[in-house]
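Enquirer: Assemble the whole structure, with the sequences as input and the hints as a guide.
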Amino acid sequence: MPEGHTIHRAARLQNKRLRGRPVQSESPQGRFASGASLVDGIELAKISANGKHLFYEFANDVIVHVHLGLFGKFRLRSLPTEDPVSENCRWLVTTANDRLHLAGPTACEVVDGEQVDAIRSRLGPDPLVKRHRRDPVETMASRLHRRTIPIGAAILDQKVIAGLGNVYRAEILYRIGLDPFTPAREVDQSKLHALWTESVRLLRLGERSGRIVTTDPADVGRTRRSNIKAQERLYCYKRQGEPCRRCGSIIRTADIDGRNIWWCPAEQS
DNA sequence: GTGTCATGCGTAT
DNA sequence: TACGCCTGACACG
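Residues 38 to 306 (the working numbering) are what the first sequence spells out, left to right.
Calculated directly from the structure, the hints in this document are not laboratory data.
A quick note: this is a predicted structure, and the numbers were derived from the prediction, not measured.
Just so you know, even glycine gets a beta-carbon here, dropped at the ideal spot from N, CA and C.
Some clues are possibly wrong.
Claimed, not checked - Listed next, with one range per pair, are the computed distances between beta-carbon atoms: (1) His-182 / Asp-292: 21 to 31 Å; (2) Gly-67 / Asn-97: 18 to 28 Å; (3) Cys-284 / Gln-61: 27 to 37 Å.
Expert: Right, dumping it as structure tokens:
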């Protein structure tokens with residue numbers, strides 16, 4: 038489930054267990070064999086997350102860049118473990134106590150500092166990063182300026198805001214009451230501000246819980262967030278034909294830029 | 001077993 | 001706009 042919350046959560050949990058320890062590094066599948074060997078036996082100094090990107094910094098200054106793409110998955114296990122190493126395991130990182138198993142990533146590669154800077158510089162503000170050089174809302178506004186693409190396409194552009202994926206895009210636009218087809222340049226400052234604050238709130242929740250929950254308990258007949266059932270976690274995503282949880286209008290779906298979006302035609306207008 | 005789709009993104013046309 | 005990459009879950013026959 039790799040949107041930004043998944044990546045930041047992975048960095049946090051992996052730092053807790055792997056950071057500061059020498060690792061055994063290998064590529065059972067073979068496709069990352071030369072990179073993996075560069076850090077075999079080396080201390081993992083720090084893992085950092087930006088948007089949907091992860092950077093593994095080792096004590097010998099080698100940096101490994103990982104991007105999960107659509108299919109990538111981590112499995113972090115305490116040792117000993119019964120969990121098998123799959124034959125498509127791209128990178129296997131083992132310490133005395135733990136084992137990190139990575140399969141299916143879009144990117145798993147050794148990069149230098151300049152490449153890290155290049156990746157970071159093409160990312161917009163990340164709702165899960167605390168400090169920003171510029172006001173994040175201003176940065177978003179400047180990157181949407183005069184663009185006629187629908188806001189539903191714009192917020193998947195990682196240069197505009199880093200870390201949102203297809204679930205959060207539908208859910209956040211619902212929560213701020215914005216029609217996904219609104220041209221980006223017509224979105225006013227107050228909506229952009231709401232977009233940012235809802236992104237921060239929802240991604241933080243997702244980072245802590247490991248799942249995407251965007252519904253308010255009251256909208257699904259619950260009194261506490263912890264009582265929300267799996268079927269009740271979202272307002273729009275993949276709910277085409279079902280009634281809106283707030284107004285009962287039928288949730289619609291359409292294609293924006295080759296990806297499906299879902300929205301409530303009444304709440305978002 | 002086969003086909004389809006998916007929480008992503010870069011490159012080519 | 002289409003395709004390629006990477007994998008797994010599920011529907012269907």
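Enquirer: Confirm or reject each hint.
Expert: Against the structure, the hints come out as follows:
At roughly 25 Å, the beta carbons of His-182 and Asp-292 sit within the given window of 21 to 31 Å. Between Gly-67 and Asn-97, the C-beta spacing of about 22 Å keeps the proposed range 18 to 28 Å intact. Checking the proposed 27 to 37 Å range against Cys-284 and Gln-61 shows it is violated: the Cβ atoms sit about 56 Å from each other.
Checked against the numbered hints given earlier, the structure breaks only hint 3 and satisfies all the rest.
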